[in-house]
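Number of protein chains: 2
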Amino acid sequence: MATDAPSTPVARQISLRTVIQALLDEGPISRAQIAKITGLSKQTISEVVRELEDDGWLRERGRTQGVLGRSAVTYEINNRAAFVLGMDLGGTKLRMAVADLAGAVLAEEEVPTDLRGGLHVVEQIAALARRLAARAGVPAAGLRFGVMGTPGVVDPESGAIHVAPNIPGVDRIDVAGALRERLGITIAIENDVNLAVKGEQWQGHGAGAGTFAFIALGTGIGMGIVADGKLLRGARGAAGEIAYLPIGGDPYDPRGFMLGTLETAVGSKGIADRYRDYGGTAGTTVREIFTALEAGDAIAAVTIDETARLIAPALIAVQALIDPEVIVLGGSIGVRTELFERIRHHLARCGHVPPRLAISRIGNRAALIGAIGAALTDLHNSLFGLDVKPGDLSLPTVGGADGDP
Amino acid sequence: MATDAPSTPVARQISLRTVIQALLDEGPISRAQIAKITGLSKQTISEVVRELEDDGWLRERGRTQGVLGRSAVTYEINNRAAFVLGMDLGGTKLRMAVADLAGAVLAEEEVPTDLRGGLHVVEQIAALARRLAARAGVPAAGLRFGVMGTPGVVDPESGAIHVAPNIPGVDRIDVAGALRERLGITIAIENDVNLAVKGEQWQGHGAGAGTFAFIALGTGIGMGIVADGKLLRGARGAAGEIAYLPIGGDPYDPRGFMLGTLETAVGSKGIADRYRDYGGTAGTTVREIFTALEAGDAIAAVTIDETARLIAPALIAVQALIDPEVIVLGGSIGVRTELFERIRHHLARCGHVPPRLAISRIGNRAALIGAIGAALTDLHNSLFGLDVKPGDLSLPTVGGADGDP
DNA sequence: CTATCTTTGTAAAGCTCCCTGACGAATGCA
DNA sequence: TGCATTCGTCAGGGAGCTTTACAAAGATAG
Numbered sequence: 240m241a242t243d244a245p246s247t248p249v250a251r252q253i254s255l256r257t258v259i260q261a262l263l264d265e266g267p268i269s270r271a272q273i274a275k276i277t278g279l280s281k282q283t284i285s286e287v288v289r290e291l292e293d294d295g296w297l298r299e300r301g302r303t304q305g306v307l308g309r310s311a312v313t314y315e316i317n318n319r320a321a322f323v324l325g326m327d328l329g330g331t332k333l334r335m336a337v338a339d340l341a342g343a344v345l346a347e348e349e350v351p352t353d354l355r356g357g358l359h360v361v362e363q364i365a366a367l368a369r370r371l372a373a374r375a376g377v378p379a380a381g382l383r384f385g386v387m388g389t390p391g392v393v394d395p396e397s398g399a400i401h402v403a404p405n406i407p408g409v410d411r412i413d414v415a416g417a418l419r420e421r422l423g424i425t426i427a428i429e430n431d432v433n434l435a436v437k438g439e440q441w442q443g444h445g446a447g448a449g450t451f452a453f454i455a456l457g458t459g460i461g462m463g464i465v466a467d468g469k470l471l472r473g474a475r476g477a478a479g480e481i482a483y484l485p486i487g488g489d490p491y492d493p494r495g496f497m498l499g500t501l502e503t504a505v506g507s508k509g510i511a512d513r514y515r516d517y518g519g520t521a522g523t524t525v526r527e528i529f530t531a532l533e534a535g536d537a538i539a540a541v542t543i544d545e546t547a548r549l550i551a552p553a554l555i556a557v558q559a560l561i562d563p564e565v566i567v568l569g570g571s572i573g574v575r576t577e578l579f580e581r582i583r584h585h586l587a588r589c590g591h592v593p594p595r596l597a598i599s600r601i602g603n604r605a606a607l608i609g610a611i612g613a614a615l616t617d618l619h620n621s622l623f624g625l626d627v628k629p630g631d632l633s634l635p636t637v638g639g640a641d642g643d644p
Numbered sequence: 240m241a242t243d244a245p246s247t248p249v250a251r252q253i254s255l256r257t258v259i260q261a262l263l264d265e266g267p268i269s270r271a272q273i274a275k276i277t278g279l280s281k282q283t284i285s286e287v288v289r290e291l292e293d294d295g296w297l298r299e300r301g302r303t304q305g306v307l308g309r310s311a312v313t314y315e316i317n318n319r320a321a322f323v324l325g326m327d328l329g330g331t332k333l334r335m336a337v338a339d340l341a342g343a344v345l346a347e348e349e350v351p352t353d354l355r356g357g358l359h360v361v362e363q364i365a366a367l368a369r370r371l372a373a374r375a376g377v378p379a380a381g382l383r384f385g386v387m388g389t390p391g392v393v394d395p396e397s398g399a400i401h402v403a404p405n406i407p408g409v410d411r412i413d414v415a416g417a418l419r420e421r422l423g424i425t426i427a428i429e430n431d432v433n434l435a436v437k438g439e440q441w442q443g444h445g446a447g448a449g450t451f452a453f454i455a456l457g458t459g460i461g462m463g464i465v466a467d468g469k470l471l472r473g474a475r476g477a478a479g480e481i482a483y484l485p486i487g488g489d490p491y492d493p494r495g496f497m498l499g500t501l502e503t504a505v506g507s508k509g510i511a512d513r514y515r516d517y518g519g520t521a522g523t524t525v526r527e528i529f530t531a532l533e534a535g536d537a538i539a540a541v542t543i544d545e546t547a548r549l550i551a552p553a554l555i556a557v558q559a560l561i562d563p564e565v566i567v568l569g570g571s572i573g574v575r576t577e578l579f580e581r582i583r584h585h586l587a588r589c590g591h592v593p594p595r596l597a598i599s600r601i602g603n604r605a606a607l608i609g610a611i612g613a614a615l616t617d618l619h620n621s622l623f624g625l626d627v628k629p630g631d632l633s634l635p636t637v638g639g640a641d642g643d644p
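Those sequence lines, one after another, are chains A and B.
Just so you know, our numbering puts the end of the first sequence at 644, numbered straight through with nothing missing.
Just so you know, our numbering puts the end of the second sequence at 644, numbered straight through with nothing missing.
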């Protein structure tokens with residue numbers, strides 16, 4: 240429960256945090272303005288700002304002018320005080336970006352994933368990271384944190400990748416540890432859909448929403464949920480496993496057990512199967528079906544419409560259980576406007592108030608942006624976070640119940 | 240964002256909180272033990288304990304003995320330092336209890352709700368509260384907080400009851416304000432299902448679970464979700480509206496629009512309709528159908544089995560989206576073991592790993608217990624809470640995205 | 001029964017961090 | 001040029017925590 244750290248630094252730490260937060264929120268401002276915003280005294284602000292400036296986190300920006308009274312020196316966050324690495328490791332592509340403390344991307348690259356897998360991938364990641372850091376002009380000790388997204392199940396504590404579809408061998412080695420060793424920085428690994436959600440929360444349609452959902456429609460179907468600003472993981476990290484929603488087919492049909500009832504119906508394989516069942520001949524991939532749809536293929540149109548008709552209830556289910564402010568659709572299939580409009584149409588037929596829908600604005604970079612955001616959050620918290628994080632007081636233990644954790 | 244309160248008291252406030260928390264967690268302990276647990280110095284602990292004892296929150300309990308060294312005075316929370324009121328206002332019954340600071344119920348009573356509604360109900364509540372306080376021997380200024388659960392939609396900020404089924408007129412008056420006036424304490428009003436969830440979290444099957452769901456099956460069907468220890472409300476406070484889950488019927492069938500597809504199928508009316516459709520003659524209420532089932536009525540058995548067959552996929556949906564540690568069933572229908580066993584059976588047929596299920600342990604007192612818990616949490620936080628509640632630092636605004644709130 | 005060891009709790013001194021009030025410095029306006 | 005206004009620093013003081021020292025109280029060994 241309680242911390243055993245001495246509580247001396249806690250007051251100053253709160254002040255540091257408060258000042259940083261004010262600068263993040265309000266942009267370049269003077270010390271006097273910070274004092275007004277934070278309620279701390281001018282004296283204290285001067286001390287804190289000097290401390291932060293000495294350590295390189297802040298820098299002078301300019302001076303105020305035009306207003307009555309003496310002009311003031313304004314300060315801003317020193318964007319180049321630290322850098323982070325965002326990564327998105329997919330089965331076919333490896334995306335990576337170096338960003339500064341303000342989240343601005345300084346260098347970004349996308350390369351095909353080394354299909355030999357295992358340590359080859361690790362080496363590829365490390366080499367790319369070094370190349371990007373050099374290109375962005377990041378000094379040797381400048382990189383502080385990295386976050387990598389990857390499909391499959393990731394242990395949130397250790398970062399071990401338990402199931403890694405499409406990338407051979409990475410579930411047998413400690414990727415995070417190997418990268419930490421090669422790059423000299425802490426690397427956290429996170430599920431890519433979860434990071435995409437964080438990306439949407441930061442720079443996409445989820446910005447400003449306390450609660451929203453992001454659904455990735457592609458080969459498979461996955462969902463990430465942000466509730467009250469925080470990622471919802473569930474008891475076993477399996478929250479958002481929308482593929483297993485008993486919608487779009489008979490939940491008691493064993494054919495849906497493997498991939499999940501919903502994914503069997505509306506995953507890319509389900510769509511292709513449906514197109515073929517209906518007698519379509521234009522191709523076997525979803526991309527080809529969409530191309531046929533554009534060319535006026537009636538069977539493709541029916542296929543996509545039927546897919547939308549099956550997806551709409553799934554969105555109703557999400558709305559009923561989570562009540563998100565908006566549901567953002569992403570993934571290679573989810574961003575197609577043809578499908579989107581058909582889903583909209585069917586949603587309106589379900590009665591009640593349909594959920595607000597949006598197509599991902601940041602598209603296939605969502606996980607990368609989320610990785611950068613996650614790394615920045617980690618960085619901020621490690622620099623200016625509090626050791627003491629007081630939550631609600633736990634209720635006393637009563638009767639036969641177990642105590643709160 | 241930042242506070243404008245002076246930060247002087249924050250250090251002592253953290254210390255006060257830490258000591259209280261240690262006493263809540265570890266029961267009666269000596270000052271020296273508190274010092275060890277919290278990491279604060281013995282000196283500071285002595286000061287803090289003296290302060291708390293002077294204000295009546297702590298009291299001496301006894302002395303340690305039998306161990307090496309000087310014996311120590313042990314302290315404990317003074318249970319009788321403050322009292323709270325828990326209330327559960329239903330369409331037919333009004334339940335109320337007075338509890339002490341440790342959550343022990345000192346007086347409890349259940350009366351029929353005054354069916355005249357409106358101010359009559361307010362007067363009834365106030366009178367019952369005074370009677371219970373007197374019976375529990377609570378001094379005049381002893382009651383500090385009250386929380387009341389009620390069905391329908393409650394504005395989380397103002398406590399205004401927007402929709403109050405079965406109780407005429409309470410949606411047109413400021414119940415919380417009227418009670419505050421009559422009882423002289425702060426009264427918060429909360430949705431009863433949400434409170435039932437809190438009750439399960441505190442003293443029921445949710446104890447110790449970070450994420451779980453509570454489903455109330457009765458006249459209607461409702462759900463409350465606790466995610467990472469916190470109640471999930473959703474963007475419009477409509478999270479957990481499981482009645483609208485598009486399961487158990489055709490989601491495009493307008494007959495399900497009013498009550499919701501799932502509730503139309505498995506609400507008490509849906510069950511009764513099904514029994515009649517199958518040719519059942521034993522009665523028209525669910526209670527009568529269950530009685531017939533016990534008497535060996537085959538049609539009742541089929542009705543209940545079919546109901547369970549429809550409910551199981553809804554639970555699968557909850558598991559897929561939320562991944563709860565356990566799903567607790569409550570409400571007059573949800574606690575019936577006959578139904579529970581049938582649901583279990585059908586869940587096992589859905590493939591995948593079925594969610595862990597449990598029947599509510601605290602039954603129809605769940606909302607009342609949750610109200611007591613909520614009132615205690617409010618009380619603790621008002622007494623020993625921090626003004627500053629630092630969350631994660633917000634990410635900087637980048638590109639065209641809006642800033643974080 | 002006494003000496004010793006351990007633990008508890010208090011006292012005094014010092015440090016960190018914050019605030020207040022005063023004051024010089026800088027700036028716009030009349 | 002003088003004045004009002006705002007910025008930023010200096011000096012003084014208070015709150016709260018820690019450390020060191022020490023007295024008090026109890027257990028144990030001989």
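There may be inaccurate statements among the hints.
Facing chain B, from chain A, some residues (calculated, C-beta under 10 Å) [stated by the list, open to error]: (1) 260; (2) 342; (3) 346; (4) 357; (5) 374; (6) 474; (7) 480; (8) 517; (9) 545; (10) 558; (11) 591; (12) 595; (13) 596; (14) 597.
Taking CB as the label site, the calculated pair distances span [said to hold, decoys possible]: (15) 369/A <-> 587/B: 48 to 54 Å; (16) 397/B <-> 250/A: 20 to 26 Å; (17) 250/A <-> 412/B: 42 to 48 Å; (18) 282/A <-> 309/B: 56 to 62 Å; (19) 251/A <-> 351/B: 55 to 61 Å; (20) 251/A <-> 358/B: 52 to 58 Å; (21) 397/B <-> 307/A: 38 to 44 Å.
Treat the hints as calculated values from the structure; they're not laboratory data.
Don't be surprised by glycine CBs; every beta carbon is placed ideally from N, CA and C.
To see whether the hints hold, each was checked on the structure:
1. 260: holds (6 Å)
2. 342: holds (4 Å)
3. 346: Violated, about 16 Å.
4. 357: violated (30 Å)
5. 374: Where the cut-off is 10 Å and the nearest Cβ of chain B is about 20 Å from residue 374/A, the hint is violated.
6. 474: holds (4 Å)
7. 480: holds (5 Å)
8. 517: Violated: closest Cβ of chain B sits about 20 Å from residue 517/A, beyond 10 Å.
9. 545: violated (13 Å)
10. 558: holds (8 Å)
11. 591: Constraint on residue 591/A satisfied, holds at 6 Å.
12. 595: holds (9 Å)
13. 596: violated (14 Å)
14. 597: Violated. Min distance 13 Å.
15. 369/A <-> 587/B: 48 to 54 Å: holds (52 Å)
16. 397/B <-> 250/A: 20 to 26 Å: At 35 Å between Cβs, range violated.
17. 250/A <-> 412/B: 42 to 48 Å: holds (46 Å)
18. 282/A <-> 309/B: 56 to 62 Å: violated (45 Å)
19. 251/A <-> 351/B: 55 to 61 Å: Distance hint for residue 251/A, residue 351/B holds at roughly 59 Å.
20. 251/A <-> 358/B: 52 to 58 Å: The hint (52 to 58 Å, Cβ to Cβ) holds, given that residue 251/A and residue 358/B are roughly 54 Å apart.
21. 397/B <-> 307/A: 38 to 44 Å: holds (42 Å)
Hint violations for this structure: numbers 3, 4, 5, 8, 9, 13, 14, 16 and 18, all remaining hints satisfied.
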